[in-house]
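Novice: Take a look at the letters that make up each chain.
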Amino acid sequence: MDSAPYVQAKRLSIGYSNEVVVADISFELRQGEAIALIGTNGSGKSTLLKTIVGLLPPLRGEVAVFGMHPGSNPRRIAYLGQFHASGFVLPLRAVDVVRMGRFPSHGLWRRMGREDDEIVLSAMRAMGIEKLAESPLRSLSGGQQQRTYLAQVLAHQADLLILDEPAAGLDAGGRELYLQAIDNELRRGVSIVMATHDIQEEPALCNQVMLLARRVVALGTPQQVLTHDTLLETFGIVVFGDQRHVHVLEATHGHDDKERLGINKPRS
Amino acid sequence: MDWLVTPFSSNGFMLHALIAGVLVSIACAIAGTFVILRGLAFIGDALAHGVLPGIAVAILVGFPGILGAAIGAAAMVGGITLITQRSRLSSDTAIGLLFIGMLSLGVVIVSRSNSFSGDLTRILFGEILGIGIPSILIQLAATIVIAALAIICARPFLLLSFDPEQAEVAGFSSRLYHNIMLFMIAITVIVSFQTVGTLLVFGMLIAPAGAGALMARRIEVMMLWAMLFGVLSMYFGLLISYHFNLAAGASIVIVTVAIFFIVFIMQNLRSRRAVRQQESAHG
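Respectively, the protein sequence lines represent chains A and B.
Residues 1 to 268 (my numbering) are what the first sequence spells out, left to right.
Residues 1001 to 1283 (my numbering) are what the second sequence spells out, left to right.
For the record, the hints were derived by calculation from the structure and aren't laboratory data.
As the structure is a prediction and not an experimental result, all values here were calculated from the model.
All C-beta atoms in this analysis are idealised placements derived from N, C-alpha and C, irrespective of residue type, glycine included.
Check before you lean on any hint, since a few could be wrong.
[As the list claims (entries may be wrong)] Covered by chain B, according to a simulated footprint, are these stretches of chain A (three or more residues, beta-carbon under 8 angstroms):
id : segment
1  : 4 to 16
2  : 53 to 64
3  : 90 to 101
4  : 123 to 130
All chains, please: the whole structure from these sequences, using the hints.
Specialist: This is the structure in structure tokens:
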């Protein structure tokens, strides 16, 4: 076990140019641990992920990934963003997209071999898309495309996975395969930071949960954090059975769409 | 058979034109593939027209046109980069401003010279039938550079086309490789203007690659289709120009656009037939 933190943030402020989205974030993530970032749209989840992978510079405070500046170690980090620019023009098969997951460990020159082909196939199998390998990406449904992107992340064989709404668009079968794959990665000693709207299955795999609402509402274990009051503070509305609790949030940027969470009972 | 071969076997200038045309087709297929995939058609168009003042000034002061084209392209790319990095304006706005500014400057320079009318036609529509061995060698060197860049940067270019953020996280600077891609497109435009002219090089950049995109499931295959369509356009364009005494550059581009529409119609017919077959299979 590697005892040094994989991700360490100290009084970190994140945002764009001079606009602070979330200030004063502090947390640590060690090998084999996972943290779920939960919050409404615009609460700062994606901004934090982009800062960790080095796409955005920190505005204040410190963030280190494997003890180095974010973006210094691309071989050890796999990132799944929310949006892909590929559209319908790019002539790519599903297998080509998954193979891209091997690029960071091969750089410009190193040839891919049989071992890489096996890793790619295994990642596609893990997401149940091996039969779609030769299909053009543009012919796949949204859920199948999401499985392909997840397989690309798995094919990377990274030590740290940064996932932005990884279960978006997945059907029940896809979701099951994804949760199984995440569980396997954690058992392998991989660390995971994920942004999600799910407050049940994904946080159950995590050691820590951070609730975000353009500030850190709560940080701790899922049991400590996912309470009625903190969820109400984060989302503005929580539904338990047929009881609806509404808390009107301040109408700030990205925080004016209140989310209805249909959960049966709070985690305890 | 004579109709197809004799023009090239018995006329040196036609053979030179065909060799130069094949090299232009290869260069344009490689650069054009990324123009299509990355949605850079506007910057390709702007570069093709924006080199005009550089060429005009070079001809005016007695330097090679290709040198002026290189300076014009560098000014375009530098200006676009400066505006997009130092302001909140989108790259489309920056490209549009530089495009129209450079084109106007070129027209102003040309209009000040009485002896420019013949040169202007040459700049705009190329001079493929007057191409000499030195120009072919320059074209060959440029095509080798373009192909080498595409091979060396294959992985970052693919990632960049797929998702610039993925390229960045994978350790390939999206800004660096975007600029290399622009450089590759600029070289293609600069060395191709002598063959098909600044107005028509844009057609060679997008029409064969566009037709290739309709045909292919893989980027390498798209590039090969684009090369084939480009070479066919050159060959048949030159033949038509020779037999019917038409402008060579324009004939080539008309053929390439025609090929695009033939492929487009065939692909649509094929899709409809596939849908009909699936419907009948489902009863």
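Novice: Does each hint fit the structure? Answer for all of them.
Specialist: Against the structure, the hints come out as follows:
With a cut-off of 8 angstroms between beta carbons, the segment 4 to 16 of chain A has 0 residues touching chain B; three or more are needed, and the interface restraint is violated. Given a C-beta distance limit of less than 8 angstroms, the hint that chain B covers the segment 53 to 64 of chain A holds, as 3 residues qualify and 3 suffice. Coverage of the segment 90 to 101 of chain A by chain B holds. Counting CB-CB distances below 8 angstroms, 7 residues qualify, and the rule asks for three or more. Coverage of the segment 123 to 130 of chain A by chain B is violated in this model, with 0 residues showing a Cβ closer than 8 angstroms to a Cβ of that chain against a need of three.
In terms of the numbered hints stated before, the structure departs from hints 1, 4, listed from lowest to highest.
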